[in-house]
Structures are given as structure tokens and as C-alpha cells.
Amino acid sequence: MPRLHALFVTASLLLACRDDDTSVVSGFTSDGDNAHDDGIETVGMGDLRGILTFTLYPADSVLNYDRLGMAGAWYTEEVGYEVVDDFYAAYGLQIAFPLPPEKEDTLEHNDVPGGFNWGDAEGWIRAGNAMKLVEGDKEALACVLDVGMVLDRFPVYAATGSENQPEGCAPDVKDFVPDAYYDLVVYGGEAFSDTVLLEAVHTPAELEVDEPDLEAFELPIEQSEDLRVRWNSTGSKTDRVVIRVWDDFGRMFTIHAKDDGEYAIPSDALSMLTAGPITLTIARERIARIPLDAGGLKAVTRYERWGYLDLR
Numbered sequence: 035m036p037r038l039h040a041l042f043v044t045a046s047l048l049l050a051c052r053d054d055d056t057s058v059v060s061g062f063t064s065d066g067d068n069a070h071d072d073g074i075e076t077v078g079m080g081d082l083r084g085i086l087t088f089t090l091y092p093a094d095s096v097l098n099y100d101r102l103g104m105a106g107a108w109y110t111e112e113v114g115y116e117v118v119d120d121f122y123a124a125y126g127l128q129i130a131f132p133l134p135p136e137k138e139d140t141l142e143h144n145d146v147p148g149g150f151n152w153g154d155a156e157g158w159i160r161a162g163n164a165m166k167l168v169e170g171d172k173e174a175l176a177c178v179l180d181v182g183m184v185l186d187r188f189p190v191y192a193a194t195g196s197e198n199q200p201e202g203c204a205p206d207v208k209d210f211v212p213d214a215y216y217d218l219v220v221y222g223g224e225a226f227s228d229t230v231l232l233e234a235v236h237t238p239a240e241l242e243v244d245e246p247d248l249e250a251f252e253l254p255i256e257q258s259e260d261l262r263v264r265w266n267s268t269g270s271k272t273d274r275v276v277i278r279v280w281d282d283f284g285r286m287f288t289i290h291a292k293d294d295g296e297y298a299i300p301s302d303a304l305s306m307l308t309a310g311p312i313t314l315t316i317a318r319e320r321i322a323r324i325p326l327d328a329g330g331l332k333a334v335t336r337y338e339r340w341g342y343l344d345l346r
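Going by my numbering, 194 is the number at position 160 of the sequence shown; the sequence numbering is gapless.
Hints should not be assumed to be uniformly reliable.
[Stated by the list, open to error] Calculated pairs, DSBU-like style, for lysine-lysine (alpha carbon to alpha carbon, straight line, at most 30 Å):
#1 208 - 292
#2 137 - 292
#3 292 - 271
#4 137 - 271
#5 172 - 208
#6 208 - 137
#7 208 - 271
It should be emphasised that the hints constitute simulated quantities derived from the structure, not laboratory data.
Full structure from sequences and hints, please.
Below is the structure:
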């Protein structure tokens, strides 16, 4: 259900380049019983479309430190609204993960995922200079930068440690608070008025994986047996769990699992992979589709764990 709040936002939410026409509105999103992704575009009258992905990657058996991924973009309706949910992976990891199945507890085999197809640069819009998520005294900032070759430059909003980015744009894992409401601040530049949406983005709860043991590097698993995945269930209807498994040749399958704490990956799915090292990711994620006067933005918040297994 929509959340209504007293409309009070301090000036500290805004950058120095704020527009004098900044609008402050309550954070209406498509929060219903199927809000983990109802697939319905919740947009305003304009044709501008946006995406913002905000992901926490806890330490794993390869990287012993937490990481924060934050990236977004604006583009026209023609470019596509439902190309990816995990835009940070497309930009930061150079992996275009396919969309998960629509139905819960469904497994789909995917083509070998390639890089993200950026398409025509003319369809990508440089709005203001940043997107921002604010929770209490925590501010996660994604600043605009140009990505691509000389003739095709795409404006992307990202939290990076690049020396070309302004101060405050480096990712900080402390800015990700599980199960918390964030104000969304979008700077429109010449495209639309700067806007603050109160408590428009709600991060998923912390994800803990009990099985398999993701702390063990190259944990041996049998290809002839089902692989049971167990995690701490929240029972929330507003979250979905997405499990991906792929081998060193890029063969992959994707599972949209109900957040009930357990899913058995069938052995016949594992048999489609090449024996040897495989990667397993499990993410709890939540999608908010946020209407703006100029169009709409899809905010995807994720808590994702990675594991590295040995398929035998």
C-alpha cells in the first residue's frame, strides 16, 4: 500500500546544484501483495524511463570484504523498460543477467549471457548530475559519468571510486541498511524538476544462506543429486529470491524462488552444466516502480550472496 508521510525534507538531502523547482512528494510505489515485481509499469505522463540498482554483496570465499553496487540510468521508452533488473551487474560486472521467470518456484535455462546491449546512445538521457538514496544520516550517491567509446557515450549514474567523480560518490557498504526505507532524490537537470520522494525505496531484509556452505571455496557437490538451497525466510510477499547457477562456459539457469526458505535445484538442471567449477548466487530483492511527472523509475534493491562450488 502507498505510504503517506509528513512532507518535510531538510536541505541536506539536496546537492549544491539543486533546482529551485524541487518537488517533495510522498513515496508512492506499486507496493501490493505482489510488489516484488508485478510487471506493471507505474509511470507518469512522460516517456522518460529510469532504473536504479542498489546491491549489497557480503564477503564470500573469494573476496573477504563486503561490497556495495549502485548504478542507474535514464533512457527513453523506446530503449526498453524491462531489459534488465540488475543494472549494476550490466555496468559494473559486465554481465547482462537475464530477467528471472515471472512465476515463483520456476527454473529457466538461459542462453550464455553476454555483455549488455547498450543500443543507440541517442535513446539514453543525461538528466541531472546524480541519483541519491537517503536513510537517516546515510546517503548513497550515484553520480553521472560517460561510459563507452568516443562516438557512443552513454550517461550512467554510478557509485565509484574514480578520481573523475566528485567527492561523496564512492560506494560505502555502511550506506546499505537492510529492511530500511530510503528517500529517493533524483536530479532532473533540463529533463525534469529535481524531485524528492519520501520513503520510496525499501531494501530487503538481510539474507543468510544455511545450505550449501558458501563459506567453503569449491565445495564439492554431486551432479547426480538435487542441490538443496536453504536460507532465512522472511515470508514477505514483497520480496523475491533469485538463484542463478552457471559453469565456466557460461551455461546458466535462473530460478525465481518463493521466499519460504528452501528450494531444491533438480539434478537434471545441474546435468546441463559442465562438471567442474560453478558459481551460485542467491539474492533477496525488492522492486519499486515509482511514477514521476516525466515518466517513471524502477528501483531494484538487492542483498546477494555468492558461492563457488565444484560440480562432480
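Verification of the supplied hints:
{"no.": "1", "hint": "208 - 292", "verdict": "28 Å, holds"}
{"no.": "2", "hint": "137 - 292", "verdict": "9 Å, holds"}
{"no.": "3", "hint": "292 - 271", "verdict": "9 Å, holds"}
{"no.": "4", "hint": "137 - 271", "verdict": "13 Å, holds"}
{"no.": "5", "hint": "172 - 208", "verdict": "8 Å, holds"}
{"no.": "6", "hint": "208 - 137", "verdict": "33 Å, violated"}
{"no.": "7", "hint": "208 - 271", "verdict": "26 Å, holds"}
Violated hint: 6 only; the structure is consistent with all others.
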